[in-house]
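Since the structure of chain A is already known, use the hints to place chain B on it.
2 protein chains.
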Amino acid sequence: MRLMSSYGLVKIVVIGFGNVGRGLAKTIALKNNELTKKLNITVKVVGVVDSKGMALKKDGFTGIELLKLLEQPRSSVGSCEVYGRNYVDIEELYGEVQPDIHVELTPANYDTGEPGLSNIRRALNYGLNVVTANKSPLVKAFNELTALAQVRNVKFKYTGTVMGATPFLRALKWMKAHRVEYLRGILNSTSNYILTLMHEKILSIEDAVKEAQLIGLAESNPSLDIDGLDAAAKLVIISNTLGHSIRFENVERSSLRGIDLRDIMIAIKNGYVYKQVSTLDLVKKRASVNVERIPVNDVLAGVKGAMNAVHIVTDTGEYFFQGKGGGGVETAHTVLNDVLEIALGD
Amino acid sequence: MRLMSSYGLVKIVVIGFGNVGRGLAKTIALKNNELTKKLNITVKVVGVVDSKGMALKKDGFTGIELLKLLEQPRSSVGSCEVYGRNYVDIEELYGEVQPDIHVELTPANYDTGEPGLSNIRRALNYGLNVVTANKSPLVKAFNELTALAQVRNVKFKYTGTVMGATPFLRALKWMKAHRVEYLRGILNSTSNYILTLMHEKILSIEDAVKEAQLIGLAESNPSLDIDGLDAAAKLVIISNTLGHSIRFENVERSSLRGIDLRDIMIAIKNGYVYKQVSTLDLVKKRASVNVERIPVNDVLAGVKGAMNAVHIVTDTGEYFFQGKGGGGVETAHTVLNDVLEIALGD
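So the protein lines, in turn, are chains A and B.
So the first sequence is residues 1 to 346, counted in my numbering.
So the second sequence is residues 1001 to 1346, counted in my numbering.
Isolated chain A (complex conformation):
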């Protein structure tokens, strides 16, 4: 494995400066002293890249400098004073700042996996450890990327891609002696939030989507969430992590768009709720993300709002995990936990 630059110090570059990237910069700015004290390790951000430019500082941005970077408007980190460059050249960045870990936080693109896929490939080939919360490169090329990390003898961690803020994937990865047979959960926060609104306020899907957009939870195009693509990507990552290759295209899906107010009222009357339920059956080799009507006493029925939960059945017992699915600062903590795990070798 690539050694850290020096004992007690880990240098990272952050590629992608949206919600999670900004959450990470903020978390490091605010928590670095506490972490250094607790763990004897200091995380230094030596470079930040967005779609149009980059900012770099060889000996690492101070906490105050990181907070100042957050004041830059979106996609203009390259315009910041002293450290900004109005172009993106990641190899140039590597050469100048010599990072230990490449943190890939670009947005997901399920058609091409880009720009994350090329970025991660380049980082691994360069001999860098990689941490990512971007699902699409893993959906496109799980086996290629994990094999490349192994050949290059570097770490490749992606805990934040599933249940963003909850250590489910970390625990699952550790469960190597267990044979996981079946898994069922709520893996997409936005669609769960929308469905919760529809039931609790008796809203149409259009109105519920609007409300989720207002608080910044749903995108202007909510398709990735409500049509099940995001959850399907998570099932692909979970399945591959367990050693079972499945293709994104083969995950059966149904959309929230099929549910109207009348369905909701009838369900409530009869003691049911609609949920976007993700299911992975490794015995029958089937994966699906379906909008299902489940009884109110189902363990998943009580998982409300932006919460995620997953129930897994193994050859040696059943387990249940629940926690917040996403959020910039929450997912940033997951990314930072992966970074610290690499740095501490633990």
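Source of the hints: derived by calculation from the structure; they are not laboratory data.
No residue lacks a Cβ here, since even glycine has one placed at the ideal position from N, Cα and C.
Incorrect hints may appear among the rest.
[Said to hold, decoys possible] Simulated pairs of lysine-lysine, BS3-like, Cα-Cα distance not exceeding 30 Å:
id, chain 1, residue 1, chain 2, residue 2
1, B, Lys1304, A, Lys324
2, B, Lys1201, A, Lys173
3, A, Lys324, B, Lys1285
4, B, Lys1285, A, Lys31
5, B, Lys1304, A, Lys304
6, B, Lys1140, A, Lys37
[As the list claims (entries may be wrong)] Pulled a few chain A residues facing chain B out of the computed Cβ check, cut under 10 Å:
id, residue
7, Pro167
8, Leu172
9, Lys176
10, His178
11, Arg179
12, Ala332
13, Leu340
14, Leu344
[What the hints assert, rightly or not] Derived CB-CB ranges, DEER-like:
id, chain 1, residue 1, chain 2, residue 2, range
15, A, Glu96, B, Glu1096, 52 to 60 Å
16, A, Asp346, B, Ser1220, 37 to 45 Å
17, B, Asn1086, A, Arg247, 52 to 60 Å
18, B, Pro1107, A, Leu344, 28 to 36 Å
19, A, Asn290, B, Val1299, 23 to 31 Å
Coordinates of chain B only, in the frame set by chain A:
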């Protein structure tokens, strides 16, 4: 870190051959082919030690030999044919079989921590990685043992000490960027099983204990479980893992023995249940294992029988984990997951 004997092979010695030790031998015998295929790694048991003797084989017991060792009566592994020796000399064992990992599965003793404490100390000083499911050495000497492992540059893993079969402690250890503030859970399977029986069958504590003893869940002396010592030990391990030293003696405790049939009936009538609730408050620096009357809609009220669950509150979200607390084969899987994590460096 100490390197594995050779690529794709990990040699372990198993110290303690009770429920978990036997569960481990059985799991390795039955699953080794599957694990080798899935992970490119073979776990070889090269030595087994019980209180009176040991059995060793330099190139590792075959699956059939492991299953034969399980046919030996308790505490007589030293009497087995060919490989048995009717004395215990762990240094002699190390010298002859050159293990990579010492697996410590002796029973807990909260007065002295022995024999686990001396065994783990000796193993770490010998330069061996250690995996344990025995709580008492950690309760007695958490800081000493973790510091020793660091100085010797070996791994020391103990996931199986808390919620035996559930990867809670593994996930918690990873959550380094989070500040855990509060934790509340059901950490002792036996007392939870006994309380569940008392509520569901309206049994006195004496009768419920007898029933739990019949199925092998409660010990002949059930004090460790029903007086809260086992759960208190788990809180000490959790707290220390999070960097907060607390002493076993300072965990406030109350016993199940205080609950009689009349309490149970009144509780049921009023919509309550009694649970042994373990609480760790890292802000107020308080730890307790108390028998509490909680409302039936409390998240812990639904955790029944031998199940464990824990709810944690951090500065960045709340999480809930549920799974089986113990069981020989289940905890053996946890131990094996720790072994595989060390072997794969992952």
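Quick rundown of the hints versus the structure:
no.: 1; hint: Lys1304/B with Lys324/A; in the structure: holds, 24 Å
no.: 2; hint: Lys1201/B with Lys173/A; in the structure: violated, 39 Å
no.: 3; hint: Lys324/A with Lys1285/B; in the structure: holds, 26 Å
no.: 4; hint: Lys1285/B with Lys31/A; in the structure: holds, 21 Å
no.: 5; hint: Lys1304/B with Lys304/A; in the structure: holds, 23 Å
no.: 6; hint: Lys1140/B with Lys37/A; in the structure: holds, 25 Å
no.: 7; hint: Pro167; in the structure: holds, 4 Å
no.: 8; hint: Leu172; in the structure: holds, 8 Å
no.: 9; hint: Lys176; in the structure: holds, 5 Å
no.: 10; hint: His178; in the structure: holds, 6 Å
no.: 11; hint: Arg179; in the structure: holds, 8 Å
no.: 12; hint: Ala332; in the structure: holds, 8 Å
no.: 13; hint: Leu340; in the structure: holds, 5 Å
no.: 14; hint: Leu344; in the structure: holds, 8 Å
no.: 15; hint: Glu96/A with Glu1096/B: 52 to 60 Å; in the structure: holds, 54 Å
no.: 16; hint: Asp346/A with Ser1220/B: 37 to 45 Å; in the structure: holds, 39 Å
no.: 17; hint: Asn1086/B with Arg247/A: 52 to 60 Å; in the structure: holds, 58 Å
no.: 18; hint: Pro1107/B with Leu344/A: 28 to 36 Å; in the structure: holds, 32 Å
no.: 19; hint: Asn290/A with Val1299/B: 23 to 31 Å; in the structure: holds, 27 Å
Hint 2 alone, counting from the list given before, is not met by this structure.
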